[in-house]
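K.L.:
What follows is each chain in one-letter form.
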Amino acid sequence: MTISEETPPQAPTSRDAANWAKPVDRLSAQGVSGATVDSVTGKRVAGPLQGFGQLWQKTLRVPLEGSSMSPQEVIAIWKERFATFWPEGNRFYAPLAGIVPGEVALLDASPMPGSPIKMSTGVLVLYADDESFTFMTPEGHALSAWITFSAYREGNVTVAQVQALERTSDPLDELTHMLGANRMVTEIWRKTLTNVGRAMGAPDPVVVVEVVCIDKRRQWRHAGNIRNSATLRTMRHTLTAPARWITGRR
Amino acid sequence: MNATSVALDRSGAVATIRIAGDVTSGSEAELMSGFTAAVDGGARAIILDFSGLEYMNSGGIGLLVTLLVRAQRGGVRLLASGLSDHYREILALTRLDEAIEIHADEGAAVAAVEV
Numbered sequence: 080m081t082i083s084e085e086t087p088p089q090a091p092t093s094r095d096a097a098n099w100a101k102p103v104d105r106l107s108a109q110g111v112s113g114a115t116v117d118s119v120t121g122k123r124v125a126g127p128l129q130g131f132g133q134l135w136q137k138t139l140r141v142p143l144e145g146s147s148m149s150p151q152e153v154i155a156i157w158k159e160r161f162a163t164f165w166p167e168g169n170r171f172y173a174p175l176a177g178i179v180p181g182e183v184a185l186l187d188a189s190p191m192p193g194s195p196i197k198m199s200t201g202v203l204v205l206y207a208d209d210e211s212f213t214f215m216t217p218e219g220h221a222l223s224a225w226i227t228f229s230a231y232r233e234g235n236v237t238v239a240q241v242q243a244l245e246r247t248s249d250p251l252d253e254l255t256h257m258l259g260a261n262r263m264v265t266e267i268w269r270k271t272l273t274n275v276g277r278a279m280g281a282p283d284p285v286v287v288v289e290v291v292c293i294d295k296r297r298q299w300r301h302a303g304n305i306r307n308s309a310t311l312r313t314m315r316h317t318l319t320a321p322a323r324w325i326t327g328r329r
Numbered sequence: 018m019n020a021t022s023v024a025l026d027r028s029g030a031v032a033t034i035r036i037a038g039d040v041t042s043g044s045e046a047e048l049m050s051g052f053t054a055a056v057d058g059g060a061r062a063i064i065l066d067f068s069g070l071e072y073m074n075s076g077g078i079g080l081l082v083t084l085l086v087r088a089q090r091g092g093v094r095l096l097a098s099g100l101s102d103h104y105r106e107i108l109a110l111t112r113l114d115e116a117i118e119i120h121a122d123e124g125a126a127v128a129a130v131e132v
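As given, the protein sequences belong to chains A and B, one line each in that order. According to my numbering, the first sequence holds residues 80 to 329 in order. According to my numbering, the second sequence holds residues 18 to 132 in order.
If we strip away everything but chain B, and leave its shape as in the complex, we get (with noise of 0.2 Å):
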């Protein structure tokens, strides 16, 4: 099991959260803490990018519900990139997709935004 890695990096109102290694229901405090300090910050649009992720349970993906409810809680826009195929996949089949907005890469997620 790899640890989970998670890196803030914010611009204007769009920040990015970058998360490397395993997620899973252990990764809780990271993620939240990422989240809340983008929130914090003032970012109305917060872009994970899962260009790092090894390996994501059942848990972690829980733990995305949980970011979402508290975006959309927030009015905060949640977006995704760098989603392996088996991830989108995953996304879809957990129709976590209906809520979060997928991108190809970063550059995408924040053209998106700023459209």
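Here chain A stands alone, though its shape is the one from the complex (with noise of 0.2 Å):
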């Protein structure tokens, strides 16, 4: 007697479906150690369509000149040291899976500039391959924004590149962009893609940058995000800590 093992019919897994994460209401940073402010469990993703401000894409490359690595070795080492590429003054704690798709990973950064306040947030890993990995950022987050990270050949050259599609949240954080943070998180890419650029054996990386304002409307419909706003709980959570020391709570 034969007997034939049959598998179920199944649909076709499209090549891209490990690089995705997977569909998720609300998310969770319980993979994430270190970290004081969880302000992202609980929230859902909020990508450019859904903030406030006007919509930015900034784009921001450097070539890895002197440097003998592949695209692929780029970004292994992107991503497993992350943080460690970040400027001054920002914290990145990743999440322990390291940076794969649907992890969370949780960040303390300036909302503007020269403020003591540090803005507790995080970033949902959207998506990561090979030679590129995409952060979407949830709800409250002073950006409503993509961020795609990703090297590639030019010539002979490896280039690390910065892609963001971003938008302020709310009203306040659009405040915050137009009095310096539009400037400041710029600079906060173009320091991130020169540490890389060290970190990569290029020993004078030359950073280009290329900011272009695609839509200048607001979208006042997104306005009411501000209850959400990480910014203003941090805020209200820097200027309480005095009472809640002396009251001995947390």
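The set of hints was computed from the structure by calculation and includes no laboratory data. Nothing here was measured: the structure is a model prediction, and the numbers come from that model. Where a beta carbon is used, it is the ideal one built from N, C-alpha and C, also for glycine. Misleading hints may appear alongside valid ones.
Some, not all, of what chain A presents toward chain B, calculated at C-beta under 8 Å [as the list claims (entries may be wrong)]:
no., residue
1, S93
2, D95
3, N98
4, A100
5, V124
6, G126
7, P127
8, L128
9, P150
10, F171
11, L205
12, D208
13, S211
14, T213
15, I267
Calculated from the model, a selection of chain B residues having no Cβ within reach of chain A, i.e. all distances over 10 Å [as the list claims (entries may be wrong)]:
no., residue
16, S28
17, R35
18, S50
19, V86
20, R90
21, H103
22, A116
Label-pair distances were calculated between CB atoms; the ranges are [what the hints assert, rightly or not]:
no., chain 1, residue 1, chain 2, residue 2, range
23, A, E167, B, G58, 49 to 57 Å
24, B, A24, A, G121, 38 to 46 Å
25, A, T120, B, R105, 25 to 33 Å
26, B, L25, A, N169, 56 to 64 Å
27, A, R262, B, L25, 50 to 58 Å
Work from the hints to combine the two standalone chains into their complex.
P.N.:
This is the structure in structure tokens:
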């Protein structure tokens, strides 16, 4: 007797299926350690379409002149040591599982230049493959954004790139953007790419910056995003810290 | 990596852009020229038909956002058809489905425009 084993028919799997985060309604930052404030768990993601302010596309790239690394090697190291490439004054708490699709990272960053207060927020790893990875911001983050980190070959040189599609989340964040936070964010990515360039073996990395305002209009229907504002929540948390310290509550 | 193929089919105020192959950030020129041709031809509703889509990364999704913004700015209605379950999930995950009307096939999308 012959026994034939038949597998049930399955829908064809797209070849990028493993690169995307699985659908999730609310985010969880359980896979992160080290951060003192988790303002991400329970939030939904919010991309450029859900934000309030003007829509900007920022493309920053650095040719890794003098480096022999391939795009795949650059991205592997970038994922592994992401936090170390951030400029001073900002903290990135990587997920324990690493930068893989579906994981959440937490971060502390200045909401605007010179601010003594750090905004606590995070990102979802939306997509990751051998040559790129993309973060998407949660509700409450100052930016409703997608940020893609990638590497590619241009002639004989590997180029590392950051491309952000971002708009501020609410009117308060838009105001801070106009008062200098927009340039500050661009500067964070420029310094990050400089650090990446040096780490990849390029002795004098020169970052090329291209900033384009794709949509000048503000989306007033999303002004209510301010109710989730991590900037406001962090300000309140910081300003009430002495009172909590006196009363012994955290 | 397969090249992006874009074909435009216009009927009155409705245009269909048939997208096949891979959609990545490198597909910008093809997608944008298809969109511009549709709008210049007088389309007030554009159906993006993804029946032939084989692969899309986050760069490709970023292009869809740019298309959406251009459509909203120009008062053009944007619809999608022919998406596999996988790409429907991606559009839901990225919340693009809040701005693009998704239909099972091109016929359903055309019917929705004509209602």
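K.L.:
Does each hint fit the structure? Answer for all of them.
P.N.:
Now the hints, each set against the structure:
1. Look at S93/A: its Cβ gets to within about 5 Å of chain B, closer than 8 Å, so that hint holds up.
2. Given the 8 Å rule on beta carbons, the hint for D95/A holds: about 5 Å separates it from the nearest Cβ of chain B.
3. The interface hint given for N98/A holds, since its Cβ lies 7 Å from the closest Cβ of chain B, which is under the 8 Å cut-off.
4. For A100/A, the shortest C-beta to C-beta distance to chain B is roughly 6 Å, which falls under 8 Å, so the interface hint holds.
5. The beta carbon of V124/A comes within 7 Å of a beta carbon in chain B, closer than 8 Å, and the hint placing it at the interface holds.
6. Given hint, G126/A at the interface with chain B, holds; its Cβ is 6 Å from that chain's nearest Cβ, closer than 8 Å.
7. Interface restraint check for P127/A: the shortest CB-CB distance to chain B comes to about 5 Å, inside 8 Å, so the restraint holds.
8. Taking 8 Å as the C-beta contact cut-off toward chain B, the hint placing L128/A at the interface holds, the least distance being around 5 Å.
9. At about 13 Å, the closest approach between the beta carbon of P150/A and any beta carbon in chain B exceeds 8 Å, and the interface hint on this residue is violated.
10. Interface hint at F171/A: violated, since its Cβ lies 19 Å from the closest Cβ of chain B, which is beyond the 8 Å cut-off.
11. Among the interface hints, the one on L205/A holds; its C-beta lies about 6 Å from the nearest C-beta in chain B, closer than the 8 Å criterion.
12. The closest approach between the C-beta of D208/A and any C-beta of chain B is roughly 7 Å, which is under the 8 Å cut-off, so the hint is satisfied.
13. This hint holds: S211/A has a C-beta 7 Å from the nearest C-beta of chain B, less than the 8 Å allowed.
14. Because the beta carbon of T213/A sits about 4 Å from the nearest beta carbon in chain B, less than 8 Å, this interface hint is met.
15. Annotation: interface hint on I267/A violated; nearest CB of chain B at approximately 20 Å, more than 8 Å.
16. Residue placement check: S28/B keeps its beta carbon more than 10 Å from all beta carbons of chain A (closest about 28 Å).
17. Distance check for R35/B against chain A: the nearest CB is about 18 Å away, which clears 10 Å, and the non-interface claim stands.
18. Look at S50/B: its CB is around 17 Å from the nearest CB on chain A, clear of 10 Å, so calling it non-interface holds up.
19. Here V86/B does not stay apart from chain A, with its beta-carbon only about 5 Å from theirs, under the 10 Å limit.
20. The claim that R90/B is not at the interface with chain A is violated, since a C-beta of that chain comes within 10 Å of its own (minimum 7 Å).
21. For H103/B, the condition that its CB be more than 10 Å from all CB atoms of chain A is violated, with the nearest at approximately 5 Å.
22. Separation of A116/B from chain A is inadequate, the least Cβ-Cβ distance of about 5 Å not exceeding the 10 Å criterion.
23. Taking 49 to 57 Å as the suggested C-beta distance range, the pair E167/A and G58/B conforms, at roughly 53 Å.
24. Between A24/B and G121/A the Cβ separation comes to about 44 Å, which falls inside the hinted range of 38 to 46 Å.
25. Between T120/A and R105/B the Cβ separation comes to about 26 Å, which falls inside the hinted range of 25 to 33 Å.
26. As the Cβ distance of L25/B to N169/A is approximately 45 Å, the hint placing it in 56 to 64 Å is violated.
27. Taken as a hint, the range 50 to 58 Å is violated for the pair R262/A and L25/B, whose Cβ atoms sit roughly 40 Å apart.
Hint check: violations occur at hints 9, 10, 15, 19, 20, 21, 22, 26 and 27; the rest are consistent with the structure.
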